[in-house]
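Based on the sequences and whatever the hints tell you, model everything.
Number of protein chains: 2
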Amino acid sequence: MNKVELFGIFELQLYGKKPNGSYINVDCVAEFTNGCRKVRIKGFYNGNDEYKIRFMPQETGIWKYEVQSSVVEPVCGQLECVENTGNNHGPVKVKGLHFEYSDGSQYIPFGTTAYAWTHQPPKLVELTKKTLSKSPFNKLRMCIFPKSMVYNHNDPELYPFAKDAEGAWDVHRPDFAFWAYLENQLTALMEMGIEADLILFHPYDKWGFSKMGRENDLVYLDYCVRRLSSFRNVWWSLANEYDMVFNKTLEDWDAFGTFISQEDPYHHLLSVHNWLPVFDFKKPWATHCSVQSVYSHKIEAWRDKFQKPVINDECQYEGNIEEGWGNISAFELVHRFWAINLKGGFCTHGETYYREDEVLWWAKGGELHGESVKRIAFLKEIIYSLGEIQPIPSSFANNPNDLETANNPEIINNTFALAFTKLDRVHFELVRFQEEKYSARNGDVYFLQYLGRSCQSILHMELPEEAEYSIDIIDIWEMTRENVIPLTSGKTKVPLPGKEGIAVIATRI
Amino acid sequence: MNKVELFGIFELQLYGKKPNGSYINVDCVAEFTNGCRKVRIKGFYNGNDEYKIRFMPQETGIWKYEVQSSVVEPVCGQLECVENTGNNHGPVKVKGLHFEYSDGSQYIPFGTTAYAWTHQPPKLVELTKKTLSKSPFNKLRMCIFPKSMVYNHNDPELYPFAKDAEGAWDVHRPDFAFWAYLENQLTALMEMGIEADLILFHPYDKWGFSKMGRENDLVYLDYCVRRLSSFRNVWWSLANEYDMVFNKTLEDWDAFGTFISQEDPYHHLLSVHNWLPVFDFKKPWATHCSVQSVYSHKIEAWRDKFQKPVINDECQYEGNIEEGWGNISAFELVHRFWAINLKGGFCTHGETYYREDEVLWWAKGGELHGESVKRIAFLKEIIYSLGEIQPIPSSFANNPNDLETANNPEIINNTFALAFTKLDRVHFELVRFQEEKYSARNGDVYFLQYLGRSCQSILHMELPEEAEYSIDIIDIWEMTRENVIPLTSGKTKVPLPGKEGIAVIATRI
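Just so you know, the sequences run in chain order B and X. Using the numbering used here, the first residue of the first sequence is number 596, and each one after it goes up by one. Using the numbering used here, the first residue of the second sequence is number 596, and each one after it goes up by one.
It should be emphasised that the hints constitute simulated quantities derived from the structure, not laboratory data. There could be a bad hint or two in this list.
Because identical chains share one entry, a pair is satisfied inside a single copy or across any pair of copies.
Said to hold, decoys possible - Here are the simulated DSS-like pairs of lysine-lysine, each with C-alpha atoms no more than 27 Å apart in a straight line:
(1) Lys806 with Lys1017
(2) Lys1017 with Lys877
(3) Lys633 with Lys724
(4) Lys1094 with Lys969
As the structure is a prediction and not an experimental result, all values here were calculated from the model.
Written as structure tokens, this is what we have:
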């Protein structure tokens, strides 16, 4: 009997006649049954009269299957799904305001960005994978469509569709080589334990893929789901910068989200990324918030508002290009990673150092040249060791306009606190952005403070009286961790080195 | 005949009987006449039956004077006012959105802060003056009243008033020793070419000087004006953090400003400094804007709104104390100086490095320990050499809600610009704060860009085609200035070192 790992891919390869009409919406479905668990999986056409049905079992045991189709001969059979092994932990799922793997293993996103890496020459694609394999990153933002913008002028070798007689893209005629190549890269990422945050649409387009119209867009999405959803490491990102895809409407994005949510039998993570205003993540199909923002303090408001995990997927890139989004210092990026993680959010890396050959990591992959990566690895190790980050609400969380503030005696009897609540909304938000401190805990097991750009030489901590703590100082840039107070309880004065980029962690002994 | 320099002090010392009642509002006035120019100067009581009338002539020539008084014998006489010499350039005046000395010499404020330096032991006061004499600072923010807050717990030796029988301050009975000592310090500053930005009220008070009531406050101000307004280097600052002096109202501040404006015969610079919201500098008595803010980009809006020069008198301090306002890095402070100056504003320094003896420069003076001062001196030299800074309006200056934006075809036909105008006000302001670039010019003589925290390695400048320019790169931290393009015109690509704190200056040859 066929054996497949839990969360692995079982693939049925079937032969029949060429589809009559569209190559996408083919009549080829299999029903997989394991006890009372029943899953219907749509197949896809792969050219040369070949159909494939790919199934990712999410339960161990014997699965029976039965193919129903008007284009291939009906077949049936069974497979044994065995325990997952190695770094196969299944798809990442939402757990409250955090993530975890389907098998319950810890997953905390530390992503990077290489939008168009699969559209580059094979040698460069191989180099990118080599770089990724040695990196700390466990998620990769990447586009299905090729990309055309500054530093990205080269055409790809393969396109997702063939062209029709008039030279327009025919979404009903996939270029099977394109999809097979993409799948090879997904598999490579899967083997490295890297989630593929697949960007389905984006505005940086000279070929017309962003302007196909909703009907064609849905055909394309149908093929994506049929072909790619059995890859456990797939995440769906409807867009990079949805609001810059000027010819699509909010209704379009909602239609796409709804469609994928209905069609994807595994309910992979699904979100949409903004340029300026964040998306309305209250949409039931949105599993998490994927935002572009440089305002780390906003993580708190978004968690509160949407009650979903928040990934800051673009907080500008370490680099030296002229564009403002691509020239922050390595320190600033590491600083944002710390700030965002301590607010209970997750952060994604990108790198844009100019090169004569225009191979910038953020778009084409290649090699990493910056100084932030090893510091992100250092942070990742710390965050993984701490477990779930519970951000401590900001002292500026009092909204001047809400009733809770207006009736809170602690505020209205405190002249200073009251003055802040009387600021106009714009000023209030500037204060909050600028003055935010980053504090988190995990129950009373640890208390963590990241002091950002403050150069203070003292920190007064208020630890529980009833437990004993040991206090370490972390230098986020030098990547050092030093114990400064081996044993303390309650109010504790912690001496600090008086420089930017210091975190303090009190761990219960 | 008595000779006195233009903008010097001519002092009449008169003896009579002790005032009957208040020592402040004494009936002792002199009229000074020079041709058709006539000035009435009120005298003040100095104890021991001594009255003084101090006059700062603002025109050369022969001034005749005549004392009218019911407390001293009437006297008259004359003095010759001769040209000013040395570093005596007269009081600083407003000139458009800038400042200059009364004799037309260049004055660009580069201030520092030592709120309570005159309230410290004499040895420390002398040390402060020695430090100031070697510093680049040409303005000093200082309080008349002593100060009580964190790191400032010591009582001064002298207080401005005596106490009455009940132990309350009697504003009608000045402590003459206090005022004489203060005047000595004003004179010392004057000789060093340092403007004394005298803070008249402030909230950090354990003695009751902030709670005397409007009537007493005006008596105190009357004495200030009578005694101190003949010092050419006096500026009046109604308050440090007016909005934290919780028992005073906006009407009080307006009454104080109106009073000083009417009483001060020389119309010294007069402003008021905020904690949270900036003051309404449209008040006719306010000569300039004195603000506390960490939002450098706001300079532009305040210049536009108030049409008066803007000094950011508190943008947080270089230091290492726990309080957020006192622990920014030296680099950050230097960065803010550059940003604010290029926006056409002016910036004031402060330093708060913790010491066991609690002598922190920002309050008590002493010595400077930080790294920003020499870099501020470097900036000062550059700014003085450039002459008047004309800031180039921000590319984010389009207000989403104003009609000019709504009807501007350059915006409404540019999808990207339009998207920014549609942001909500809070988001728009965050973008502006974060993304601001700092550009200035002086006609077409020079073009200056400060790139802030951007690490870009290229800058495209658009210089006039019809003139020739030479381009220097300035490293604000390393204090280097290097010519990178000796000769260019029109569009020019400038290579940069790719680090934070870089300015570029194109000077017409």
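Hints versus structure:
In this homomeric assembly, lysine 806 and lysine 1017 come within 27 Å of each other (Cα to Cα) only across copies, at 23 Å, whereas the closest approach inside a single copy is 47 Å. In this homomeric assembly, lysine 1017 and lysine 877 come within 27 Å of each other (Cα to Cα) only across copies, at 21 Å, whereas the closest approach inside a single copy is 30 Å. Proximity of lysine 633 and lysine 724 under a CA criterion of 27 Å is satisfied in neither setting, with 37 Å inside one chain copy and 86 Å between copies. With identical chains, the CA atoms of lysine 1094 and lysine 969 are at most 27 Å apart both within one copy (20 Å) and between copies (19 Å).
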